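Engineer: Letter by letter, the chains look like this.
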Amino acid sequence: MLEIYRGTAVLLTVLLLPSSVGARQAVLSPAVREFVQIDERVVALTHVRLIDGTGRPAQADQTVIIRDGVIGAVGSAGSVAVPEGALVLDLTGKSVIPGLVMLHEHFFYPAGQSAYNQQEFSFPRLYLAGGATTVRTGGSRDPYGDLNLKRAIDAGRVPGPTIYVTGPYLNGPGLPILFVNALEGPADARRMVAYWSDEGVSSFKAYMHISREELGAAIDEAHARGHKVTGHLCSVTYREAADLGIDNLEHGLFASTDFVAAKEPDVCPSGAERGNALFQLDLHGPAAQDLISHLVDRGVALTSTLPVFEISTAGRPRAPDGALNAMSPDARDRYLRTWSRIQEQDSTRAVLLRKGMEFERLFAEAGGLLVAGIDPTGYGGVVPGYANHREVELLVEAGFTPEEAIMVSTYNGAVYLGIDDRVGTVAVGKVADLVVIDGDPSARIEDIRRMEIVFKGGIGYDSKRLFDSVRGTVGVR
Amino acid sequence: MRDQRYQSVAARIDRNEKVVDRIRLVFVEGKDSIAVSRELAGLDNALFELLQGAYTVERQEPIRSQST
Numbered sequence: 005m006l007e008i009y010r011g012t013a014v015l016l017t018v019l020l021l022p023s024s025v026g027a028r029q030a031v032l033s034p035a036v037r038e039f040v041q042i043d044e045r046v047v048a049l050t051h052v053r054l055i056d057g058t059g060r061p062a063q064a065d066q067t068v069i070i071r072d073g074v075i076g077a078v079g080s081a082g083s084v085a086v087p088e089g090a091l092v093l094d095l096t097g098k099s100v101i102p103g104l105v106m107l108h109e110h111f112f113y114p115a116g117q118s119a120y121n122q123q124e125f126s127f128p129r130l131y132l133a134g135g136a137t138t139v140r141t142g143g144s145r146d147p148y149g150d151l152n153l154k155r156a157i158d159a160g161r162v163p164g165p166t167i168y169v170t171g172p173y174l175n176g177p178g179l180p181i182l183f184v185n186a187l188e189g190p191a192d193a194r195r196m197v198a199y200w201s202d203e204g205v206s207s208f209k210a211y212m213h214i215s216r217e218e219l220g221a222a223i224d225e226a227h228a229r230g231h232k233v234t235g236h237l238c239s240v241t242y243r244e245a246a247d248l249g250i251d252n253l254e255h256g257l258f259a260s261t262d263f264v265a266a267k268e269p270d271v272c273p274s275g276a277e278r279g280n281a282l283f284q285l286d287l288h289g290p291a292a293q294d295l296i297s298h299l300v301d302r303g304v305a306l307t308s309t310l311p312v313f314e315i316s317t318a319g320r321p322r323a324p325d326g327a328l329n330a331m332s333p334d335a336r337d338r339y340l341r342t343w344s345r346i347q348e349q350d351s352t353r354a355v356l357l358r359k360g361m362e363f364e365r366l367f368a369e370a371g372g373l374l375v376a377g378i379d380p381t382g383y384g385g386v387v388p389g390y391a392n393h394r395e396v397e398l399l400v401e402a403g404f405t406p407e408e409a410i411m412v413s414t415y416n417g418a419v420y421l422g423i424d425d426r427v428g429t430v431a432v433g434k435v436a437d438l439v440v441i442d443g444d445p446s447a448r449i450e451d452i453r454r455m456e457i458v459f460k461g462g463i464g465y466d467s468k469r470l471f472d473s474v475r476g477t478v479g480v481r
Numbered sequence: 004m005r006d007q008r009y010q011s012v013a014a015r016i017d018r019n020e021k022v023v024d025r026i027r028l029v030f031v032e033g034k035d036s037i038a039v040s041r042e043l044a045g046l047d048n049a050l051f052e053l054l055q056g057a058y059t060v061e062r063q064e065p066i067r068s069q070s071t
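Chains as they are written, first to last, in our numbering: chain U, 5 to 481; chain S, 4 to 71.
It cannot be assumed that every hint is accurate.
Among chain U residues calculated to face chain S with C-beta under 7 Å, some are [unchecked claim]:
id, residue
1, F283
2, S316
3, T342
4, A354
5, V355
6, K359
7, T381
8, D444
No wet-lab data here; the hints were simulated from the structure.
What you are looking at is a predicted structure, and each value in this text was computed from that prediction instead of being measured.
Virtual Cβ for every residue (Gly too), placed ideally from N, Cα, C.
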């Protein structure tokens, strides 16, 4: 239960709040406003535990002042005064973290048989409900749909996070997914990047069957237009992609073909060959360590997407009840059937999951920029919002402290996007993208599931109301 | 949440008593639906029709989980 009242305290110190910088959305449609819990110009979050996104330990009994959508002051309870007339939230027993910045997101969901459904209704709400205030899509099924969804959210017509839209997949022939175009060479790659840049996307993603020549051309064209390129690779190794200038690699270690024996250039090895190579890999041996150093030296970021790999691993938890209830009956039955079959598999994937976690930790310890995402695909069950929480929990399981895991999922994403001067940490002058959590995720990371209010640009959205609004719809719309 | 249960109920055995086909039925509690492993395709039509008459039957596809 939140303690809310109006601040009447005498100012202890002179507050130097920045003037309004227009971070708050001026107009919200009724469709958005139904989820708004707090919409005051000045809000004081008091007596709260602060996990500020920098990775430093949680700070107890802090005050955060929000004014006109911007963080106006942050400090210990005795050092920050509550402005008169502010809406005061006594958050004793609760925590505040920055809004999540998640970088492998989609607005589509698997429908079986390599088909996917666009989720422009449920996913924006779910992402925001689960604390994601900024997302980058990791490849688009419906780029105009994603672009128009972004614009609708920015205009206050639809509830959801700020979206950085990635263009359609850059891939060669060989993939049985109908929405993925097959490139016909480097000139085609340049043409595709140029076209979708002009249409408004801000990043690109290479996929499993692209050639080195096509990837190089796409990177050149994207960089010339000020955009970054990421990749879920296979035909091109991580090392080759780094040498071509790629900015980001998706799925941690899992998409690497660097260690496949006798790999043919520009050919994606079979799943068995890829899995076996990673299974045999010694993460502390020279080959793995050299790859980590190579990626770090070239400034290539790595995206952790542990939830989409956990679902295919026997012995791991089923999706939480909230996620199951969010699914349509068809999507739920399909997910549960597959999940049950996976429980009968051997421990190979458990070894790979553990290895993937360790690789991500080693990469970060070596100075690499590790960022976080969920990838709501696979065979289903990775439901935005719920999976946001799971990704942070899995990073802790990988060996990060809770504060570090939150930093990976907030600040690091903002650094990659080049927006860390505005979001990603709780600091004076930054946009008030904040999440109020009932509990202490620095002591019990599973408390991160207990999100209550998600502030985006200083407007507080009711997390539960957003989650409840999409029951039975995931997989349909 | 309803639990799911598996039950193997039939197998086709060759002349050397080697199992060549196996049917796995997945019962979803509270629903008259079962999923039958894809090996069913090689079984007698009569048995398949029998199962279809008793339950909603679908042929299970190999597990495919494609991260995108």
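Engineer: Take the hints in turn and mark each one as holding or not.
Structural biologist: Hints, one by one, checked against the model:
no., hint, result
1, F283, "violated, 17 Å"
2, S316, "holds, 5 Å"
3, T342, "holds, 6 Å"
4, A354, "violated, 15 Å"
5, V355, "violated, 17 Å"
6, K359, "violated, 16 Å"
7, T381, "holds, 5 Å"
8, D444, "violated, 28 Å"
Against the hints set out earlier in the document, violations occur for numbers 1, 4, 5, 6 and 8.
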